[in-house]
Amino acid sequence: MKQFLSFVKKEFYHILRDRRTILILLVMPAIQIILFGFAISTEVKNTPIAVFDPSKDDATRQITERIAANDYFTLVSELHSLDDIEKAFHTGAVKLIIVFSEKFLNNFMHTGEATVQIIADATDPNQASTFVNYVSNIINAWEMENAALVTQSQNNVQFGIVPEIKMLHNPQMKGAYNFVPGVMGLVLLLICAMMTSVSIVREKELGTMEILLVSPVKPLYIIMAKITPYFVLSIINLTTILLLSIFVIGLPVAGNLFILILLSLIFILVGLSLGLFISTLVKTQVAAMLISVVVMMMPTMLLSGMIFPIESMPDILQWISAVPPNRWYIEGVAKLMIQGVEAKYVIKEFIILSFMAIVLLTVSLKKFNIRINR
Amino acid sequence: MEKVISTNKLTKKFGNFIAVDSIEFEVEKGEIFGFLGANGAGKTTAMRMLCGLSRPTSGSGMVAGFDIASQQEDIKKNIGYMSQKFALYDDLKVWENLRLFGGIYGMKKKEIEDKTAQILQELGFEKERNTLAKLLPLGWKQKLAFSVSIFHEPKIVFLDEPTGGVDPVTRRRFWELIYRAVQRGITVFVTTHYMDEAEYCNRVSIMVDGKIEVLDTPKNLKAAFNAANMDDVFQQLARKATRINN
Amino acid sequence: MKAIQVNNICLNYGKLAILKEISFEVERGEIFGLIGADGAGKTSLFRILTTLLLADSGSAMVEGFDVVCDYKQIRKHVGYMPERFSLYQDLTVEENLNFFASVFNTSVKENYYLIEDIYRQIEPFKNRRAGQLSGGMKQKLALSCALIHKPSVLFLDEPTTGVDPVSRKEFWGMLKKLKQQGIAILVSTPYMDEVSMCDRIAFIQRGKILTVNMPQKIIADFPHKIYSVESNNSYEILKQLRRNSAVRSVFSFGDTLHVIFNSKSEIQNEKNNIQFKEISPTVEDCFMILMEESN
Chain A
1 MKQFLSFVKK EFYHILRDRR TILILLVMPA IQIILFGFAI STEVKNTPIA VFDPSKDDAT
61 RQITERIAAN DYFTLVSELH SLDDIEKAFH TGAVKLIIVF SEKFLNNFMH TGEATVQIIA
121 DATDPNQAST FVNYVSNIIN AWEMENAALV TQSQNNVQFG IVPEIKMLHN PQMKGAYNFV
181 PGVMGLVLLL ICAMMTSVSI VREKELGTME ILLVSPVKPL YIIMAKITPY FVLSIINLTT
241 ILLLSIFVIG LPVAGNLFIL ILLSLIFILV GLSLGLFIST LVKTQVAAML ISVVVMMMPT
301 MLLSGMIFPI ESMPDILQWI SAVPPNRWYI EGVAKLMIQG VEAKYVIKEF IILSFMAIVL
361 LTVSLKKFNI RINR
Chain B
1 MEKVISTNKL TKKFGNFIAV DSIEFEVEKG EIFGFLGANG AGKTTAMRML CGLSRPTSGS
61 GMVAGFDIAS QQEDIKKNIG YMSQKFALYD DLKVWENLRL FGGIYGMKKK EIEDKTAQIL
121 QELGFEKERN TLAKLLPLGW KQKLAFSVSI FHEPKIVFLD EPTGGVDPVT RRRFWELIYR
181 AVQRGITVFV TTHYMDEAEY CNRVSIMVDG KIEVLDTPKN LKAAFNAANM DDVFQQLARK
241 ATRINN
Chain C
1 MKAIQVNNIC LNYGKLAILK EISFEVERGE IFGLIGADGA GKTSLFRILT TLLLADSGSA
61 MVEGFDVVCD YKQIRKHVGY MPERFSLYQD LTVEENLNFF ASVFNTSVKE NYYLIEDIYR
121 QIEPFKNRRA GQLSGGMKQK LALSCALIHK PSVLFLDEPT TGVDPVSRKE FWGMLKKLKQ
181 QGIAILVSTP YMDEVSMCDR IAFIQRGKIL TVNMPQKIIA DFPHKIYSVE SNNSYEILKQ
241 LRRNSAVRSV FSFGDTLHVI FNSKSEIQNE KNNIQFKEIS PTVEDCFMIL MEESN
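Protein chains in written order, with the numbering used here: chain A, 1 to 374; chain B, 1 to 246; chain C, 1 to 295.
To be clear, the hints were calculated from the coordinates, so they are not data collected in a lab. The reader is advised that the hints may include incorrect statements.
For lysine-lysine, the following DSS-like pairs were computed, each having C-alpha atoms within a straight-line distance of at most 27 Å [as the list claims (entries may be wrong)]:
no.	chain 1	residue 1	chain 2	residue 2
1	B	K222	C	K277
2	C	K150	A	K2
3	A	K218	C	K109
4	C	K76	B	K240
5	C	K109	A	K283
6	C	K176	A	K218
7	A	K283	B	K141
8	C	K169	B	K219
9	B	K219	B	K29
10	C	K76	A	K218
11	B	K219	C	K277
12	A	K204	C	K277
13	B	K211	C	K169
14	C	K20	B	K141
15	C	K208	B	K134
16	C	K217	C	K20
17	A	K2	C	K76
18	A	K9	C	K72
19	A	K204	C	K239
20	C	K20	A	K218
21	C	K208	B	K155
22	B	K77	B	K127
23	B	K29	C	K239
24	A	K9	C	K208
25	C	K150	B	K141
26	A	K283	C	K176
27	A	K2	C	K176
28	B	K141	C	K109
29	A	K2	C	K109
30	B	K141	A	K204
31	A	K204	B	K134
32	C	K76	A	K367
33	A	K366	C	K76
Label-pair restraints from in silico Cβ distances [as the list claims (entries may be wrong)]:
no.	chain 1	residue 1	chain 2	residue 2	range
34	A	M224	C	R128	24 to 34 Å
35	B	E24	C	R128	25 to 35 Å
36	A	F12	B	N226	51 to 61 Å
37	C	G131	A	T240	43 to 53 Å
Treat the numbers as computed from the prediction; the structure is a model and nothing was measured. Every residue gets a Cβ at the ideal spot worked out from N, C-alpha and C, and that includes glycine.
Could you build the full structure based on these sequences and the hints that come with them?
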């Protein structure tokens with residue numbers, strides 16, 4: 001144990017004495033989050049909206065009232081034909097239009113399925129997605145309360161109101177809020193994978209790894225000691241990001257905080273294992289850094305859904321996008337933080353990330369050499 | 001005799017630490033000048049100033065007719081430099097290395113081609129023309145690196161521990177190359193940890209604690225210190241070092 | 001039981017043979033020198049003996065333990081100082097030493113007596129970062145770190161490379177003392193003048209051991225007569241002698257030339273204008289002749 005502790009102490013010395021790196025590691029995530037925070041426009045009150053309601057039944061009236069009563073929206077006009085929709089947007093009079101299907105309540109009660117279209121002016125994509133989220137929430141709430149209206153025969157089937165969302169002018173819907181999970185995924189992976197691999201490979205380059213190997217220290221100790229400080233750093237960063245996003249950006253954690261932290265811990269483990277794995281592949285710090293950036297960061301940025309939505313990618317890229325662990329983490333975090341879903345909806349992400357962690361860890365422990373690669 | 005290097009109270013300070021302490025010496029054209037000293041005695045700092053890589057804190061110096069404080073670019077054009085650490089680009093072929101360094105010093109294409117052929121022939125490397133530098137044995141690399149460093153016919157060439165780690169035969173062959181360059185009129189300024197190599201120099205200076213403690217021919221130094229060889233001379237002098245660094 | 005036993009070790013890198021049938025033994029309390037240029041295979045041999053690298057064939061024992069099967073035992077008993085004295089540049093002298101002590105499950109206090117002589121010289125700078133030490137001091141710290149767990153066999157891979165002659169001499173003085181403690185020392189060096197400090201040496205050239213013997217014995221076995229020539233213009237004479245077919249080899253040694261002839265009779269002719277003096281060869285002469293013959 002004393003052996004292990006002095007090992008960890010030494011690792012902390014390395015990190016703490018490299019002032020520039022530690023500054024980058026701790027400050028960079030905060031700056032990123034704050035920057036994105038400022039980029040998000042939070043002023044969404046009294047947004048002008050319009051409604052096209054050909055069905056005019058109790059349900060549509062109730063929903064419309066609720067939306068109109070909301071602080072965020074002001075109902076400025078009721079449209080009378082579909083042609084009016086285009087006009088309303090073009091004049092810039094409204095930012096969002098809700099279009100109910102015909103016989104809305106009737107459909108809802110008998111088939112359990114009714115359609116409502118939410119059309120948003122996505123010139124400002126962040127705002128648009130926020131509006132759409134609010135409206136969806138209101139409709140969902142109404143649906144839950146009135147679930148009893150659905151006829152018995154349909155109850156076993158899960159149908160409901162299907163909000164059909166259309167983003168005008170920016171169909172890709174790059175939402176700034178999506179950047180918070182994105183930044184979390186990026187920062188944690190950067191610290192874990194890159195820093196861990198670099199710090200192990202540095203010892204190979206320096207030649208100190210030779211001395212450590214020619215000593216009675218168990219390789220597992222070396223690995224654990226290398227991982228520990230970066231684990232701590234990652235947790236500090238995770239805390240900073242969450243605190244900043246809650247208190248500075250005002251993006252509260254909609255779902256269960258505990259689940260979110262658990263998911264993050266598993267992701268951190270994936271990152272650390274990945275770092276270990278990279279360190280078993282390369283001999284120089286530069287190579288470790290390159291692999292971390294080129295193999296990990298680039299696909300992470302491009303394929304994780306952070307910049308381009310996965311749904312609109314060609315099939316092949318969608319398949320490839322399943323490989324970087326960030327994709328699953330970002331997806332999970334988005335669900336937990338923004339959509340606020342229950343734990344059972346992120347089981348898939350949990351399973352995939354745990355699986356990745358176990359595989360990477362096993363492979364790299366096996367590959368971690370007790371000798372030198374030729 | 002033409003002076004290729006001359007310094008006047010050349011000094012370099014880092015904070016309170018005087019790395020080079022007003023050294024004064026002259027090197028004549030066509031001379032092999034050995035620049036010795038223990039680790040940390042200030043050799044590297046002095047050499048960096050002479051090569052125009054570092055500005056003196058005070059004092060002055062002329063190298064190849066140019067002032068080391070103000071005409072650094074002219075100095076760089078007129079000197080060659082070779083160290084054990086950086087010699088050749090490993091991933092370039094032999095002739096590509098030669099072409100590159102010729103190009104760096106602004107030599108004409110024809111000139112480079114002729115010179116390349118001549119050097120490869122002199123070294124007996126014709127067959128290795130297209131070999132990647134990293135595949136050459138260390139001794140060959142060093143010979144080639146030396147040829148590269150004098151490719152542009154500089155007035156003076158600085159050699160920083162050029163023979164580290166090579167076998168005794170290759171080391172001597174290397175020195176024969178140095179002699180050949182000297183016969184062409186190139187001045188050689190060399191540092192080494194091999195004391196037998198100090199004997200190959202026309203004159204030798206030994207630095208202790210940032211100062212040049214002695215400067216003379218090896219023969220005179222041995223006589224003055226009543227020593228059998230240069231190693232003895234060096235040991236007697238370097239042991240006087242008081243600088244805490246050592 | 002010998003401290004180190006090497007039998008027919010071979011190592012290949014692709015088609016390239018790095019080590020060719022290396023065999024030798026090192027006794028307890030012996031300083032055994034491995035003399036050869038960079039690229040001769042010294043570091044690979046060190047790595048095989050310190051269990052870091054597996055040989056392609058042959059076997060080796062350190063302290064009676066096999067380097068392949070019993071690697072864990074060996075790692076407890078040996079001290080290793082790799083090339084370029086590997087230390088943590090951002091840790092202080094004291095932190096480095098403490099760290100390596102704890103790696104070996106011991107403390108600086110416990111074995112202080114062993115490193116005292118060496119460590120005392122760097123102790124005034126114990127709070128200085130290792131990266132800011134001079135070459136000679138780094139070397140002493142690295143040796144202290146390699147000794148802190150009281151190893152019975154010490155592997156030193158080019159411990160004196162790049163270090164000035166004074167520090168080198170001091171270093172060899174320390175090795176002499178360690179040897180008296182019964183520690184077996186395998187040390188490699190490219191400096192021929194350090195050969196006389198070893199009890200026995202092996203010349204290694206391109207992965208092959210040319211000879212293993214005591215330095216005096218190697219000199220005594222020198223098969224040729226060797227002459228020195230003193231002159232103020234040795235390069236001219238060297239060129240002149242190179243052209244002479246009677247001269248087998250001529251090289252400069254310090255301020256003289258060492259000459260070996262093909263046959264004795266022809267020396268007389270040469271003596272007319274150049275002064276030859278028969279001398280006893282140095283170890284370096286022996287190595288050079290052996291190198292030439294092996295080519």
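Hints, verified against the model:
Distance hint between K222 (chain B) and K277 (chain C) is fulfilled; the C-alpha atoms sit about 21 Å from each other, no more than 27 Å. With a C-alpha separation of about 19 Å, the suggested pair K150 (chain C) and K2 (chain A) falls inside the 27 Å cut-off, and the hint holds. At roughly 23 Å between alpha-carbon atoms, K218 (chain A) and K109 (chain C) fall within 27 Å of each other, so this suggested pair holds. With a CA separation close to 40 Å, the supplied pair K76 (chain C) and K240 (chain B) exceeds the 27 Å bound.
For the proposed pair K109 (chain C) and K283 (chain A), the alpha carbon gap of about 36 Å is over 27 Å, so the pair is violated. For a cut-off of 27 Å, the pair hint linking K176 (chain C) to K218 (chain A) is broken: about 33 Å separates their Cα positions. This hinted pair checks out: K283 (chain A) and K141 (chain B) have alpha carbons roughly 24 Å apart, not beyond 27 Å. Taken as a hint, the K169 (chain C) and K219 (chain B) pair is honoured in the structure, with Cα atoms around 23 Å apart against an allowance of 27 Å.
Using a Cα cut-off of 27 Å, the hinted pair K219 (chain B) and K29 (chain B) holds, with the two alpha carbons roughly 20 Å apart. Pair hint K76 (chain C) plus K218 (chain A) holds up; C-alpha atoms about 12 Å apart against a cutoff of 27 Å. For the suggested pair K219 (chain B) and K277 (chain C), the alpha carbons sit about 19 Å apart, so the restraint of at most 27 Å is met. The hinted pair formed by K204 (chain A) and K277 (chain C) fails the criterion: a straight-line CA distance of about 52 Å is larger than 27 Å.
A threshold of 27 Å between alpha carbons decides the hint, and for K211 (chain B) with K169 (chain C) the separation of about 22 Å falls inside it, so the pair holds. Distance check on the hinted pair: K20 (chain C) and K141 (chain B) sit about 24 Å apart at the alpha-carbon level, within 27 Å; holds. Straight-line distance between C-alpha atoms of K208 (chain C) and K134 (chain B) comes to about 22 Å, which keeps the hinted pair within the 27 Å bound. Proximity of K217 (chain C) to K20 (chain C) is assessed by CA-CA distance (about 24 Å); at most 27 Å being required, the pair is judged to hold.
Between K2 (chain A) and K76 (chain C) the CA atoms are separated by roughly 17 Å; this keeps the pair inside 27 Å, and the hint holds. For the given pair, K9 (chain A) sits about 25 Å from K72 (chain C) by alpha-carbon distance, which is consistent with the 27 Å threshold. Of the supplied pair hints, the one linking K204 (chain A) and K239 (chain C) is violated, its CA atoms being roughly 47 Å apart against a limit of 27 Å. Among the hinted pairs, K20 (chain C) with K218 (chain A) is inconsistent with the structure: their alpha-carbon atoms are about 32 Å apart, more than 27 Å.
Taking the CA atoms of K208 (chain C) and K155 (chain B), the gap is near 42 Å; set against the 27 Å cutoff, the hint is violated. Of the pairs offered as hints, the one joining K77 (chain B) and K127 (chain B) is violated, with about 30 Å between alpha carbons and a cut-off of 27 Å exceeded. Distance hint between K29 (chain B) and K239 (chain C) is fulfilled; the C-alpha atoms sit about 22 Å from each other, no more than 27 Å. With a CA separation close to 44 Å, the supplied pair K9 (chain A) and K208 (chain C) exceeds the 27 Å bound.
Proposed proximity of K150 (chain C) and K141 (chain B) is contradicted: the alpha carbons are some 41 Å apart, above 27 Å. At roughly 36 Å between alpha-carbon atoms, K283 (chain A) and K176 (chain C) are farther apart than 27 Å, so this suggested pair is violated. A C-alpha spacing of about 34 Å is found between K2 (chain A) and K176 (chain C), which places the hinted pair above 27 Å, so the restraint is violated. For a cut-off of 27 Å, the pair hint linking K141 (chain B) to K109 (chain C) is broken: about 47 Å separates their Cα positions.
Of the supplied pair hints, the one linking K2 (chain A) and K109 (chain C) holds, its CA atoms being roughly 15 Å apart against a limit of 27 Å. About 26 Å separates the Cα atoms of K141 (chain B) and K204 (chain A), which keeps this hinted pair within 27 Å; it holds. Pair hint K204 (chain A) plus K134 (chain B) holds up; C-alpha atoms about 21 Å apart against a cutoff of 27 Å. Taking the CA atoms of K76 (chain C) and K367 (chain A), the gap is about 23 Å. The hint holds against a cut of 27 Å.
Annotation: proposed proximity of K366 (chain A) to K76 (chain C) holds, straight-line Cα distance about 22 Å (limit 27 Å). Taken as a hint, the range 24 to 34 Å holds for the pair M224 (chain A) and R128 (chain C), whose Cβ atoms sit roughly 30 Å apart. Against the hinted window of 25 to 35 Å, the Cβ-Cβ separation of E24 (chain B) and R128 (chain C) comes to about 32 Å, which satisfies the hint. Between F12 (chain A) and N226 (chain B) the C-beta distance comes to about 55 Å, which sits within the given range of 51 to 61 Å.
About 31 Å separates the C-beta atoms of G131 (chain C) and T240 (chain A), a value inconsistent with the hinted range of 43 to 53 Å.
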